[in-house]
Amino acid sequence: MAQTNDEQLLSNVFDVGVERLKLIGNHAQVLMQGYLSGGIEASALSEQALKKLINARVIYQPDDSHELKLRHPVTQLIAALVTDESRRQVNADIADKLQSIRGFVQGFREAQRSGDVIRADNQLQRTEEAVYDLTSQFEEAIFSLWHRLNSNFGFVSNLSDKIRENSRAQQQIRRLIEGLSLIDFDELIELAEGNPTLRKLLVTKLQAQINGHHGSLLEVQKRLVELMTRFREQQERSLLVTRMAGFLREHPGFTVGDYAYRSRVPTLINQATAIIPAAAVALDRRDQHTDIASMVHGLYKELAIRAKTNDADSNTQAVDNREQQQAVEARQQQLKHDAMQYFIAVCDSEAPLSALDYLYQQSLEWPAEAWLFQVIGEYNSLPRHEQKLFNIERSEQPLSRYNQVIVIEDITLSFNT
Amino acid sequence: MISPVYGPLIEKLLAGEFICAITDEAHFTKLQDEQTRDNIDAYLKPLNRRLAANDEGSVYFLAYRDLDDDARERLKQQLSVVMGSMLPLLEWLTYIQEAMGSDGILTAGDTLKLQELTVKTEDNPSLRQRLQSLANDRFFNSQSDAVDGQAKQVAKRLVEHGYLLQPHTNRLYFIVTGKIDFLLELVRFIKDEENIPLDETTSQAELL
Numbered sequence: 002m003a004q005t006n007d008e009q010l011l012s013n014v015f016d017v018g019v020e021r022l023k024l025i026g027n028h029a030q031v032l033m034q035g036y037l038s039g040g041i042e043a044s045a046l047s048e049q050a051l052k053k054l055i056n057a058r059v060i061y062q063p064d065d066s067h068e069l070k071l072r073h074p075v076t077q078l079i080a081a082l083v084t085d086e087s088r089r090q091v092n093a094d095i096a097d098k099l100q101s102i103r104g105f106v107q108g109f110r111e112a113q114r115s116g117d118v119i120r121a122d123n124q125l126q127r128t129e130e131a132v133y134d135l136t137s138q139f140e141e142a143i144f145s146l147w148h149r150l151n152s153n154f155g156f157v158s159n160l161s162d163k164i165r166e167n168s169r170a171q172q173q174i175r176r177l178i179e180g181l182s183l184i185d186f187d188e189l190i191e192l193a194e195g196n197p198t199l200r201k202l203l204v205t206k207l208q209a210q211i212n213g214h215h216g217s218l219l220e221v222q223k224r225l226v227e228l229m230t231r232f233r234e235q236q237e238r239s240l241l242v243t244r245m246a247g248f249l250r251e252h253p254g255f256t257v258g259d260y261a262y263r264s265r266v267p268t269l270i271n272q273a274t275a276i277i278p279a280a281a282v283a284l285d286r287r288d289q290h291t292d293i294a295s296m297v298h299g300l301y302k303e304l305a306i307r308a309k310t311n312d313a314d315s316n317t318q319a320v321d322n323r324e325q326q327q328a329v330e331a332r333q334q335q336l337k338h339d340a341m342q343y344f345i346a347v348c349d350s351e352a353p354l355s356a357l358d359y360l361y362q363q364s365l366e367w368p369a370e371a372w373l374f375q376v377i378g379e380y381n382s383l384p385r386h387e388q389k390l391f392n393i394e395r396s397e398q399p400l401s402r403y404n405q406v407i408v409i410e411d412i413t414l415s416f417n418t
Numbered sequence: 305m306i307s308p309v310y311g312p313l314i315e316k317l318l319a320g321e322f323i324c325a326i327t328d329e330a331h332f333t334k335l336q337d338e339q340t341r342d343n344i345d346a347y348l349k350p351l352n353r354r355l356a357a358n359d360e361g362s363v364y365f366l367a368y369r370d371l372d373d374d375a376r377e378r379l380k381q382q383l384s385v386v387m388g389s390m391l392p393l394l395e396w397l398t399y400i401q402e403a404m405g406s407d408g409i410l411t412a413g414d415t416l417k418l419q420e421l422t423v424k425t426e427d428n429p430s431l432r433q434r435l436q437s438l439a440n441d442r443f444f445n446s447q448s449d450a451v452d453g454q455a456k457q458v459a460k461r462l463v464e465h466g467y468l469l470q471p472h473t474n475r476l477y478f479i480v481t482g483k484i485d486f487l488l489e490l491v492r493f494i495k496d497e498e499n500i501p502l503d504e505t506t507s508q509a510e511l512l
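These protein sequences, in sequence, are chains S and U.
So the first sequence is numbered by my numbering: it starts at 2 and just counts up by one.
So the second sequence is numbered by my numbering: it starts at 305 and just counts up by one.
Just chain S, with the same shape it has in the complex:
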């Protein structure tokens, strides 16, 4: 009778489990979205699916809002599956697990005494599960701790968060180690008394595993402390640099003490100035003469090559110079020619003709000053009898009231007929 009941129960559990795991699978995307964003919009699911998920205790509606949340065990399942260390929780409650192991062993003994083999088997299986549960809890925690350590606490972004996470991890380790100390092997030996299966399960196997876990935890702890030291050093360096920079910015005239004149000069300050060890060719060693001779030959070759390239350089430079000079001469000729044209224009004109007016009328490119200078020069270079043919009139005035330098502003020429 009991057997059929148990079987029925098991098949029932099996069916429900499969159905609900499928349910989670069917809505994997929505659930994952909810895991990441913290909530699921009711509109993302059909009404039927919503009802099913709530009944299966996968999600719940915290208040009257339309937002749904994942239940804690589901969140934890996902966190463990994707090793999301920011969400994963380490369960360090050992006492409860030990209590259930004691309970199952007692149940097993009672069933054995009453000769109920099936119930005894059942209770033994439960004991096995509870032991596995206990060790896997440590395994899971240790895996999570190593993962956090190896990723350098990369799941949080800044240094002070990393320091906080690290100290949280260290506290978890302390609690786990405390939990391990709750496992009293004398008690377990007593519990397993006279039953080889129980003995193997509760004493031999468990002891080996717990020892392994204990070792791992101590190793992780050591590494966490090392990492914490490094974090703290980094933090100290960061603060030192930013604060000193701030201080120097605020105190531009800051000077340090006269460290160099102290009786004990600080090590960091005592940096000797450089000495460059120079060496030159010396002829006092006969055995080195051949080496020096070959060096000198090499040098000659190098000098010859350099001289050639220099020659080539200066040649191109000379060509450049000549071109430049030609260009200047051409412009000079043009200016002279334009000035002569102006004189001819004056001869043709009946009225006096201003040099600047002519410059603008002909839209010549010369600067006014150079133009006037050229016109005066041309006039002065005419033979005296030809000069007499022209009337030259300077419009000029002093630079300022106080500076008597006279500036010629324009020149007007007229032809004496």
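No lab work stands behind these hints, which were simulated from the structure alone.
Take the hints with a grain of salt, since some may be wrong.
Stated by the list, open to error - Examples of chain S residues toward chain U, derived with CB under 7 Å:
1) Ala81
2) Leu160
3) Ile164
4) Ala261
5) Ala281
The C-beta atom is built at its ideal place from N, Cα and C for all residues, glycine as well.
Position chain U relative to chain S; hints supplied.
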């Protein structure tokens, strides 16, 4: 007698170079040996030099053996040069930390890719401004208006001063040398020596 294999090492030291595991691993390893250090010290004695190291022993350099007035005067001048370059160097360190979004200040052995730094700086106006003001500082002395040119000039000056090492002249990646640790030790020393109240500003720095 000193072995001739130390010739290049002594020459580097005399030239004022800092020898660390990054700049010159082979020689740095040799300097770990006490006998070698004693030999070099004995050799340098007539030059009024001795081998010195920072507190951590991560960087070796030469110090004066006897501090006569001449030596003290030179140390004083040198210190004032160092103090003049301290702020731009510290600002550079915080700029790099912010640009690379890293947890800590650069430390010996860290690598720095100029290309990556330039891209990050170009995308961020505040970083651009910081690089600009760094580059205009007399210590870095850049004439360029472009991020690329400024970053190159800053890196060039840091290589000249021995804070960065450029393993390949035609490739723009750099390794931080042990001299950075030396600089930070010096900063820490000055903070303690001058009683600079850097710790009181905690709350202010955290607010920022």
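Now for the hints, and whether the structure bears them out:
For alanine 81 of chain S, the suggested interface contact is broken, since its CB lies about 27 Å from the closest CB of chain U, more than 7 Å. The restraint placing leucine 160 of chain S at the interface with chain U holds, with a minimum CB-CB distance near 4 Å, inside the 7 Å limit. Annotation: isoleucine 164 of chain S was flagged as interfacial toward chain U, and the flag is violated, the nearest CB pair being 10 Å apart, outside 7 Å. Interface restraint check: alanine 261 of chain S against chain U, minimum CB-CB distance 4 Å, threshold 7 Å, status holds.
For the restraint placing alanine 281 of chain S at the interface with chain U, the shortest Cβ-Cβ distance is roughly 16 Å, beyond the 7 Å limit, so the hint is violated.
The structure fails to meet hints 1, 3, 5 from the earlier list, while all remaining hints are met.
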